[in-house]
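Chemist: Letter by letter, the chains look like this.
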Amino acid sequence: MGQLFLEFWRLDDPNVVWVLAGAVLLGGAAGVIGVFAFLQKRALIGDALAHAALPGVATAFILFQTRELEVILAGAVVSCALGILAIDYLVDHTRIKPDSALAIVLSVFFAFGAFEMTHIQQMPVGNQAGLDKLLFGQAAALTADDVRVLGIVAALILVVAALLFDRFRVVIFDRGFARAIGMPVRFYDFLLSTLLVLAVVIGLQLAGVVLMAAVILTPAAAARYWSNRLGLIVILAGLFGVIAGIVGANVSYIAPRMPTGPWMVMAITAIFFVSLFAAPERGLYARWRRRARLRRRVAEENVLRTLFKLGEGGDQRRWAGVNEILRYRSLSPVALGRVLRRLEAEGHLEHADDRWRLSGAGLERARAITRRHRLWELYLTRQVELSPDQVHDDAEAVEHLLTPEMERALAEELGTPEADPHGQAIPADNPRAGG
Amino acid sequence: MSEAPLSVRDLTVSYQHKPVLWDVDFAIPEGRTAAIIGPNGAGKSTLLKAVMGFVQPASGEIRFFGDTLEARRSLVAYVPQRSEVDWDFPISVMDTVLMGRYGRLPLLGRPRAADREAARRALEKVGMLEFAERQISQLSGGQQQRVFIARALAQEASLYLMDEPFAGVDVATEKAIVELLKELRAEGKTVVVVHHDLSTVGDYFEHVVLLNMRLVAAGPIEEAFTPETLNKTYGGRLGMLSEVAERVREYGLDERTG
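One line per chain: the protein sequences are B and S, in this order.
Each residue of the first sequence is one higher than the one before, counting from 1 in my numbering.
Each residue of the second sequence is one higher than the one before, counting from 1 in my numbering.
Hints in this document: simulated from the structure, not taken from any laboratory.
It is possible that part of the hints are untrue.
To be verified - Example chain S residues on the side facing chain B (calculated, C-beta under 10 Å, incomplete):
1. Q16
2. V20
3. K49
4. F54
5. R73
6. S74
7. V79
8. P80
9. Q81
10. V85
11. F89
12. P90
13. Y102
14. R104
15. R110
16. D163
Just so it is clear, CB atoms sit at the ideal spot from N, CA and C, and this is done for glycine as well.
When you get a sec, could you build the whole thing from the sequences and use the hints?
Modeler: Here is the structure:
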């Protein structure tokens, strides 16, 4: 297998070169244009278009009796365009919702195409046509001419996307505004649809009708996890598509019975799953980490607040036993022990034997937390009109998320109050200034 | 004497054969700050959409400074409702505000330094300059609204049309928008705002358009914003219905006799 891998990359076999070039061009172009479809919330349009291409391909073959790529592609473009018009007509002029319109057009066009394919099979030249390969794609049949056409179309897609990147962004983000400033919104719609149709059509031979939707959509979905900047998302989606193309071409060479298209889809799906889990900020792991950190902070702050409350009205830094704390906090003794040791390590607590007390820094932090907690409770009773005994749990959840600005706004709105709804004092913002 | 920044004559709009606006007729004088008010479903937003050409009116004429929107587009800035876009869209505050400049860019032109400067000025006016590089998904509702207004300010227009800019914003944002309205008025700009809070109409605006499918009244606050017109806008139809119901009961005209 290693041997075959090296053989592949020697690129002696022209067939290898065509397949590799085709897969890379397709992956890149489809990935880039897919981002715009993804952001238009028209994710399924790629799927509908791919299916809508089939009757065009079949009709072109029946009419001209040729497998010439240009002819077949022209047929596909025409029937995709009809498909888009049909979808837009249904959405604009009937009560049918966009997703239903997509589904209707997809199945009607595909059914008609399938019917034509059966007819072609029965034609004398039909069996050699290999048109049935368009369903799942057959990269191995790519020729130099095919790749040239693919290259031209892919370049066209990339150039237009690069030139009109920010115009597309305006139109997709806020259509109403784009129209208000006089941008030709319909023209940009048409352009985006055309680019998408082209991407679908060049993908038919390689990935096939059924898989093109994944080749268009999945790179965009994966790239969205990695960035909030559209420029970067577009580049990443293109790159993911290219990687998928390389993997697909490679696998189909090493294991000769393996088709390129499906392996491209497998590769891009793998990239998607890695993104879903591992992407910083938006990925599942990052989210899980954030939540765990918040939980830890909540536990710490609650313990600090309990110690503050225990010392209130007397020695603010009095010693408290573990059992005393447990009376106020629903934690297991083991969990509490962990929290206490962590707080000690941070310098917020001091301990002697089994007894704990706030350090100087701990007292400061505990006072701030208590202030936020009681302000929030007061806000809920006054503005949301909950009764004081309903309030406590809600306050617990939110107080940990209040920012200093929000806290100031709260105090201001409440008229710098001195006591919470339970009648307990609200510690001042800055205890030193207050004496 | 110049033409009114916005005049609407005999405007009728219907959605799928259901009339939403009937024969609406008014003009906003130059330099005024005007509110369009009326109950839910009165057609306030539809009016704005028809004015901007998003919905095709069944009849009527809309003029901007005495001419068509096409001819006067560079003088008109529009602030859509905040809820009309996806705020998770990957774009920064700065790039959003820069959209206000695309109306004047040539086909493939990119924003230049002057455009960025205008965008920065607009952000400063709404107190959002420090957020310029943030993603819009990280903003609060009020901040989002201010970004939308900044985008309109970047257009440096003469007439501003705003669809519910006060809907669901925090106190700070409301204050900022009110200040901005004053500033625009001082600069002689005309502002038309779809508004829902009756209690602030008198404080924020000088001119009012009362709407409930038909035009109830339009004019300076002192003249048009009266208990009588308000009653006609908000309670009128309901009052009439209850009066009719009363009569029906009085005369015993119910199903049995009918």
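Chemist: If a hint holds in the structure, say so; if it doesn't, say that too.
Modeler: So, going through the hints one by one against the coordinates:
Given the 10 Å rule on beta carbons, the hint for Q16(S) holds: about 9 Å separates it from the nearest Cβ of chain B. For V20(S), the shortest C-beta to C-beta distance to chain B is roughly 17 Å, which exceeds 10 Å, and the interface hint is violated. Annotation: K49(S) was flagged as interfacial toward chain B, and the flag holds, the nearest CB pair being 8 Å apart, inside 10 Å. The beta carbon of F54(S) comes within 6 Å of a beta carbon in chain B, closer than 10 Å, and the hint placing it at the interface holds.
Below 10 Å, beta-carbon pairs count as interface contacts, and R73(S) has one with chain B at about 5 Å; its hint therefore holds. At about 8 Å, the closest approach between the beta carbon of S74(S) and any beta carbon in chain B falls short of 10 Å, and the interface hint on this residue holds. With 10 Å as the threshold, the beta carbon of V79(S) comes within range of chain B, its nearest partner Cβ sitting at about 8 Å, so the hint holds. A least Cβ separation of about 5 Å between P80(S) and chain B falls short of the 10 Å threshold, and the interface hint therefore holds.
Checking Q81(S) against chain B by beta carbon gives a least distance of about 9 Å; that is within 10 Å, so the hint holds. Restraint check, V85(S) versus chain B: the minimum CB separation of about 5 Å is within 10 Å; hint holds. Annotation: interface hint on F89(S) holds; nearest CB of chain B at approximately 5 Å, less than 10 Å. Contact between P90(S) and chain B, as hinted, is supported at the beta carbon level, the nearest pair being about 5 Å apart and thus within 10 Å.
Among the interface hints, the one on Y102(S) holds; its C-beta lies about 6 Å from the nearest C-beta in chain B, closer than the 10 Å criterion. Interface restraint check for R104(S): the shortest CB-CB distance to chain B comes to about 9 Å, inside 10 Å, so the restraint holds. For R110(S), the interface hint holds, the least distance from its beta-carbon to any beta-carbon of chain B being 7 Å, beneath 10 Å. Among the interface hints, the one on D163(S) holds; its C-beta lies about 9 Å from the nearest C-beta in chain B, closer than the 10 Å criterion.
In this structure, only the earlier hint numbered 2 is contradicted, and the remaining ones agree with it.
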